[in-house]
Amino acid sequence: MVEEKEKTKWVMTDGSELIIESLVRAGANAYVNYPITPSNWLNAFALKRFPFFMPAPDEITTLQWLCGMAAAGKIPVTATSFPGYALMIETMNEVYMMELPMVIILVQRLGPSTGSATVGAEGDLLVMNGTISGGFQFPVFSISSFEDCWNIPPKALKTAVELRTPVVILTSKEMIMTSRSFDLEKLHAVEPVKMKYFTGEAPYKPYKPNEDLIPEFLPVGNEQHQVRINSSTHDHAGMIKKATPEAIGNSLRLQEKIEKHIDSYSIYTFIEAPESETLIVTYGITSEACRESVCRCGKSGKGVSLLILNTLIPLPKFVIETMNSYRNVIVIEENSQANLVRYIYGVNLPTNVKKMNAFGRMITPSEIMKEIASCR
Amino acid sequence: MQIDFLAKKKMPYCPGCGHHASNLNLAKALEKSGYNLLDVIIVSDIGCSGLIDENMACHTVHGLHGRVVALATGIAYALANKNKKVIAIQGDGGATIGLQHLLVAARRNVNMTLLVLNNNVYGMTGGQLSGLSNTSLKEKILHDEAYYPPFDITEMAYQSGAVYASKIMAKGEFSDKLGEAIKTEGFSVVEIIGPCPAYAYNSIKEMMELGYEEKVLTNTRPFVAPQFYERSSLFDSKNAIERQFSAKISNKLSILLGGSAGEGVQLAADLLAQAGLSCGLNNTKKGEYPITVGTGFSLAEVIMSNDPIYYTGIEKADVAIVTSQDGWEMVKSRVNEFTKLFVDETIDTGTVDYGVKLPFREKVGRKSAVLCAIAYWMSHSGVVPVDALVKTFAGHKHEEKLLEAVNTGISM
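One line per chain: the protein sequences are A and B, in this order. Quick note: the first sequence, position 258, residue 258 per the numbering used here, numbers continuous. Quick note: the second sequence, position 31, residue 31 per the numbering used here, numbers continuous.
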């Protein structure tokens, strides 16, 4: 019997290409873009791949167009960096209130302000947590490996559609602009997201939640039921109301639905080293340096546990529980203000938690090894 | 059967407000238009004009202040259906803050109608002046503002390419004037001048004395509907790189390439990484250059490894190939005496006294110098076979030139 040779397709590819291809396969069908470094590779691939691609004159317009497209039943995507995201925040609140699905890929760069467009950094987590007025949250994902560029976007898109919410994927220049050798045959199939439409009888109330706290969707322009979509405080019918119990309840439900379904989109990688008293917690591009460091530690016989976060907001309960269970925790991230530490602990850093940060450069495995050694 | 577009007759506006007449005439125009209720989407702004939703029996979308035209544009693009009618409504305040959205929609000839209910003030926030406020009102409210003329939104929309742009007074029956805009294929706008008794002018009669000129301006231009395309996978055009060579790498090799913009550094790095892949190695490649891509340094980092590569940075280079002074300035802090260094002989390397200096630029020119130097290193080190490099550019449009650079490097 002739043994069948394993099928391979080795190529050089990059994170941008994987992200765009996976999103389209997952069902994203419209892409609007205003150019900004370092997100432009994503835009270049989107131009070749998305069924609909349109250049917008600014980031406010970008997100407004996306919002309108989502209201009419499309699943839209854009990519930007912090200066562009800053202009999108008003519309992010609108999309959140309207409960429309979309994916924003935020390719982080060095700030504050316009900072350095071509210098990598990952300092926008706290902006994510403060985007929505009142402290409301939407799901925020982080890409922490090359494989994540394929796996996380479809998950983010599915979450956006199923929960009727905008989602953000945080990444950075180094992740999406570095080419790698890769076997495309190893990529698993992406299951397209199915938009579920309301199929019941009239009257249709566009913001009446089901038992999952999610209203059933119909696009504007449909010929079955009148749809009212509203960005102001509104009742189940989508009519503006000030502070009626129904309208206030409707607004509060926005956070409740995000929390209720957290298990469906909580993604993390926990590599537990037996007997280790030290845990490294990280996300984004720094995950790669941490993986390498943990491998080196393992080879030297002094294993260290590693927790890599893909879902950053809301934070999976497992994360805190795990961090509390270690004598030494090092939170490693590529920003100067310890975004993840401040997001989790505020200003009260527990005695078992240390922060390790860098500003304007990647953290190296050698530095991480030194930090680990200092804990022993 | 006549379709009633009004969900309820009672309007939420102050007595004497011009929006009342605008809404009634809009509903009447829609009734005469032939559209069904659920073919029409009213998209409204923040402000008194945005209170229209509850009166309309069609689809309604209520958005942010000044953004309604952009929001409606997204809806119109997504529907891409000329049997659906998207109508955006905003006041003069919304038109001021969202001016660019209006001009862009006119330029792009988006299939929608915009009604600008111009009552000269921000009524919802206490009667502040807008960019469309009349000079006489400015003299009463804030005299210094009277020096600056108001925008003529109708003219601006027309100049930006609106197929139909009109200015009308909110007086009596004007549903047919709205109907002209509504039946337009492409972008149409109607500026409706009306009173705000609470903060500006008390009546349309008073406003008739202000010198507003009713007008209709039209552009003849084709309407091009947005397209949704079936596109093939990005992977379809990628050629697989066969693993047909072997390399002599014990573990990991970090290679820095430094040159100047336009000197083929990134291409050479891509080819080098592909050569590594054809040897069955894991590879990463990344580039760095100033935001002005046509000038300054061009730096590339290539890592080749038998093991999976996690961290893609290079702390200290195993090999550094540098062919311009710009490139050297970026590379010099990342090499040491353990680095196999190959530099062009024109480069001033300062106190660094190790490495090989050769005339790569002189031999093959600045655009091929990096590839030439790579070939020199490969042929002399034997780490990665030169044949693997040559194979990567078979069929390339500059194959002959690339091959010349490689052969020159081998022979040096």
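Read the hints as simulated data drawn from the structure, not as lab findings. Everything numeric in this text was worked out from a predicted model, so none of it was measured. Please note that the accuracy of each hint is not assured.
[Stated by the list, open to error] Under 10 Å between C-beta atoms, here's a sample of chain A residues computed to sit facing chain B: (1) Ala86; (2) Glu90; (3) Asn93; (4) Ser264; (5) Ile267; (6) Thr269; (7) Ile271.
[To be verified] For lysine-lysine, the following BS3-like pairs were computed, each having C-alpha atoms within a straight-line distance of at most 27 Å: (8) Lys140/B / Lys28/B; (9) Lys205/A / Lys397/B; (10) Lys316/B / Lys299/A; (11) Lys397/B / Lys370/A; (12) Lys183/B / Lys241/A; (13) Lys171/B / Lys9/A; (14) Lys183/B / Lys299/A; (15) Lys10/B / Lys7/A.
Virtual Cβ for every residue (Gly too), placed ideally from N, Cα, C.
Status of each hint after checking the structure:
With a least beta-carbon distance of about 16 Å to chain B, the hint placing Ala86/A at the interface is violated under the 10 Å criterion. At about 6 Å, the closest approach between the beta carbon of Glu90/A and any beta carbon in chain B falls short of 10 Å, and the interface hint on this residue holds. Hint on Asn93/A holds. Least Cβ distance to chain B is approximately 8 Å, under the 10 Å limit. At a threshold of 10 Å, the smallest CB-CB gap from Ser264/A to chain B is about 27 Å, leaving the interface hint violated.
Because the smallest distance between the Cβ of Ile267/A and any Cβ of chain B comes to about 19 Å, over 10 Å, the interface hint for this residue is violated. Given hint, Thr269/A at the interface with chain B, is violated; its Cβ is 13 Å from that chain's nearest Cβ, farther than 10 Å. The interface hint given for Ile271/A is broken, as the beta carbon of that residue sits about 12 Å from the closest beta carbon of chain B, more than 10 Å. Taking the CA atoms of Lys140/B and Lys28/B, the gap is near 36 Å; set against the 27 Å cutoff, the hint is violated.
Taking the CA atoms of Lys205/A and Lys397/B, the gap is about 60 Å. The hint is violated against a cut of 27 Å. Taking the CA atoms of Lys316/B and Lys299/A, the gap is near 22 Å; set against the 27 Å cutoff, the hint holds. Simply put, Lys397/B and Lys370/A have alpha-carbon atoms about 49 Å apart, too far for the 27 Å limit, and the pair is violated. Note on Lys183/B and Lys241/A: the hinted pairing is violated, with a Cα-Cα distance of about 33 Å set against a maximum of 27 Å.
Proposed proximity of Lys171/B and Lys9/A is contradicted: the alpha carbons are some 71 Å apart, above 27 Å. With a C-alpha separation of about 74 Å, the suggested pair Lys183/B and Lys299/A falls outside the 27 Å cut-off, and the hint is violated. For the hint linking Lys10/B to Lys7/A, the alpha-carbon distance of about 70 Å lies beyond 27 Å, and the restraint is violated.
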